[in-house]
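Undergrad: Chains as they are written, first to last, in the numbering used here: chain A, 742 to 1363; chain B, 100 to 534.
Since the hints were derived computationally from the structure, they do not count as laboratory data. From the three backbone atoms N, C-alpha and C, an ideal C-beta is built for every residue, glycine too. Careful: at least some of the hints might be erroneous.
Examples of chain B residues lying across from chain A (beta carbon under 8 Å, computed) [what the hints assert, rightly or not]:
| id | residue |
| --- | --- |
| 1 | Arg273 |
| 2 | Glu275 |
| 3 | Val278 |
| 4 | Asp279 |
| 5 | Pro281 |
| 6 | Gly488 |
| 7 | Glu497 |
| 8 | Phe498 |
| 9 | Ala501 |
Pulled from the structure, derived: some chain B residues nowhere near chain A, Cβ distances all over 10 Å [unchecked claim]:
| id | residue |
| --- | --- |
| 10 | Ile119 |
| 11 | Leu143 |
| 12 | Ile164 |
| 13 | Arg205 |
| 14 | Leu358 |
| 15 | Ser387 |
| 16 | Glu388 |
| 17 | Pro495 |
| 18 | Glu496 |
| 19 | Asp505 |
Restraint-style ranges between C-beta atoms, simulated for each label pair [as the list claims (entries may be wrong)]:
| id | chain 1 | residue 1 | chain 2 | residue 2 | range |
| --- | --- | --- | --- | --- | --- |
| 20 | A | Gln1326 | B | Phe280 | 29 to 37 Å |
| 21 | A | Asp1033 | B | Ala148 | 56 to 64 Å |
| 22 | A | Arg1297 | B | Asp357 | 36 to 44 Å |
| 23 | B | Leu209 | A | Tyr1020 | 48 to 56 Å |
| 24 | B | Phe280 | A | Glu1143 | 54 to 62 Å |
| 25 | B | Val481 | A | Ala1066 | 55 to 63 Å |
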Amino acid sequence: MKQHFDVIVIGAGHAGCEAAHAAARLGAHVGLCTLSTDTVAHMPCNPAVGGTAKGHLVREIDAIGGLMGRAIDATGIQFKLLNRSRGPAVWSPRAQADKKMYGRWVKHALDAEANVEWLIGKAGRILVSGERVVGLALEGADEYACEALVMTTGTFLNGLIHIGPDQHAAGRAGEPPSRELAESLKSLGFEWGRLKTGTPPRLDRESIDFDRHADDGTFAVERGDMPPVPFSFLSGAIDRPQIDCYLVHTNDRVRDLVRANIDRSPLFNGQIRGIGPRYCPSLEDKIVRFPDKERHQIFLEPEGVDAREIYVNGFSMSLPRDVQADLVHALPGLEDAVLLRPGYAVEYDFIQPTELTRRLETKRVRGLFLAGQINGTSGYEEAAAQGLVAGINAAHRALGREGFELHRDESYIGILVDDLITKGCLEPYRMFTSRAEHRLLLRIDNADLRLTPRGRDAGLVDNERWDRFCRRRSRFDRNLCVLETTPLRASSGDRVPAAQLLRQPEIRLVDLIAQGVVPHFESEPSSAAIDIASAETTIKYAGYLRRQQAEIERSRKDERRRIPPAFPFERVPGLSREVVQRLNQVRPDTLGQALRIPGVTPAAVAVLASYVGRFTPHPNML
Amino acid sequence: MFSTNDTIVAIATPPGRGGIGVVRLSGPDAHAITLRLVTHNGSLRPRRATLTRIACTTDAAAEPIDQVVVTSFPRPHSYTGDDVVEVSAHGSPVILRAIVEAAIDRGARLAEPGEFTLRAFLNGRIDLMQAEAVADLIDAVTPLQARAAFDQLEGTLTAAIAGIDAALFDLVARLEASVDFPDEGYHFVEPGALGRAIDDLAGRTAALLAGARRGQLIRDGLQIAIVGRPNVGKSSLFNALAGAARAIVTDVPGTTRDLVTEVVDLDGLRVTLVDTAGLRETSERVESEGVERARRAAAVADLVLIVVDEDEAELVGTKHLVVQNKADLERPSRGVRVSAVTGAGLDDLRRAIIAALDVEPVRDRPALTNVRHIALVERAHVSLTRAAGAARRSMPEEFVLADLQDARAALEEISGRRASEALLEHIFARFCIGK
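The following block holds chain A by itself, in its conformation from the complex (with noise of 0.2 Å):
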């Protein structure tokens, strides 16, 4: 008799790992598939978690009870709050991982759950019986028999690796990519597309004299925070020596080679036929798109504290690898560096989102549920966020309770989700702060606040947590207190409130605090930072985040206005074709997420309303 799971992940890169530890939690026994656990939560990229709006997700992430925090704050080694020059609500986290120990530390964390089984193989085929999912077989090995089942393939299927004119299959550097699956999942009918990413070369840290060349002034020093703000709710002071990374640009000799050899790029012969994303331009893009900018930013970051490889940030490229050391050794500094491995182009399949429910379950097969770039996302933290979305729903599904589901005006998490399914991807994906309509509400320092209540109604929130942000809220709502009754010597000479002081831009709690006048604020030593930012958000924007909450508030009606299941938009008069097929194809679930939907109008969604009050399924259709 075939082995039976309760959930089975496809994967354990960063969305596969918490889709695998949110159902364990939850009870599920799972299966997690993958080629070797050497690859476990690896970063075959940028070797670095959060970023703008990306720092927001981790944030969110860890406060519904997931992974990708605490793996960051127990292996970062230079962490940064970004965008710390502006309010609170975009800051965000970034932190350079150990790569090595960072996968090390989500290995052993999923070791510890015991509802963790490691399937050590290669999956081949989805099991489906009826319209719904019945197991797994693996390649030329056994078949399993799961209720729910969890792909996250990264741009392992149908991967294709462009160095130059070499071309070979694979799913990354020197893995084979996944082809019976990506057949098995075609087969399904569902939608599918292909796009493009990239990774730069890397270079041997000791052929690179960083001593020198940063006295000299060829490279700018770029240093972390201290003490860093850790990623995690749960973490404590981050005392780990913190490294440095380097500041180069590009010259005149970069352009030039880089124009004398485009004819070489797979990227501009037509040799690549995906689509790659615009916000992370390859070289080759940033040289001939942008030809008035004189110089681009280049960043040179170990991989780890004692790795050998050092990864250049900002110079991903397809060229042939001759091309790559001419490149790397016209940067200032970097004459006689080596080259460890080329930058390389990957293409890859993915499944148009739109497929999916705002469970991330498809729509065609029930208990098949998808999460990271095979949704046409990239970035570790967008698959994470997607994984564990996908976790807690497989768990749901397979233990029969009633899923989960984060909305736009809770979360990036909610937007994310909602973008991808509502709006499919034509590029790789990937979360800003923009894509928030309601930003000032979303900050990193209020997301247990925002929803570490929802990840323990999820049941991924485990006891310790839970106290643990009790007593955090109940000190977040006495600081609150403490600031409306502290008097304080205003400059006219009054004494008024603190809170009243605060709504003056200029005076800062942190200065307060340090002054000692407000001897009653408690905050907790290693997230002193988000104590503070909490309680100085809270009361000096108090204006912007009422009008912001009077939107959500006057939106919510239309915005989750549910669309039944079932609903027949072709029965509905007056709706054009095309609108009728893009709302078939997304099947809205509520008016708010039709009127996202590109090419239908406010109009067609006024007519919409009118019928989604009128109508009752008939007893067929459910």
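Let chain A serve as the given structure and place chain B on it in line with the hints.
TA: Below, chain B alone, put in the same frame as chain A:
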């Protein structure tokens, strides 16, 4: 609300008798239904008038009831964007109703109020502003109102709003880039330039709003109350301005008891004139109520004409004009001298009224005329002003952006690119059948 892919029919001309009456059909079967109504054989040539006869029962032996001209406008080149057929018959309500009923018998549905225009909007033929303009154009009483509505239908306001929105969008995009790409090492908008850019936008919304009061007066018209002591000739003046003997005129003081109103075109402005009871202390109950109504009318009017002959005027209303009537009699001159009897000075009075209202009916292009538009432009303006303030106080971009985004939302709501169902129903409920 409405269903919009069946075929609708309605009488498009006003109720009552006329030389010609038009029945309009719109929808996929408009052409087929028409062919089953008329004796003409073969299909109708697009946009060509066809003279034929119409029979209104399915009975093959039925006699035609009228000679008509039918014109077919195939989609998408029609008013609604769907197939449209117009049937011009003789303007008898009996015939027109019979045609409509016959069309319904053959599968058409009676149009809801505003439905033809709704279809034009849904099919993308016109935007929300233009749809509203259709209603205004139909309701227009004065030529100036018609012109204002026609300008809006032509898209003048659409263009003005779109221009502001485009500039706003560009600014928002650059600020968003600053927030989302902090590592790029430069500002996408220089901090000093930001305040100026927003000020420029706020200046443009302010200019729209400055024209709004005049636009609104042109669209909605205004009220002028005529008050004064008994027997100073208010009703005579009222009749003279109205150009008709609407109010009873006698030499008995206190003849006018109740309010008498008449809508007149005053140099293009739609003006409702209100004649009132003479103001005096009285114990007579009917007259006393009349005096009370006169005071209330004066209180709400846009302008009060205080008519005097020789007595002191009692000043009522904040905005008023003293009019000395009975200028045909030799009296000392106070205020504007007119004679309701001879008509002398009436042109001077009209000019004085226009001047007092501060609404030169000049021939430039009026833009904002609609309360909904004004409210939304005001919202955009308030948001822009707040954003400019935040920029000047060097608040972080995301706060400036919060208000700039709100301004964009308001502007997009004007053109209907964002709109709620309630809003659309409210707007389309204003149309009368068949327009």
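Undergrad: Which numbered hints does this structure break?
TA: 1, 6, 17, 18, 19, 22 and 24
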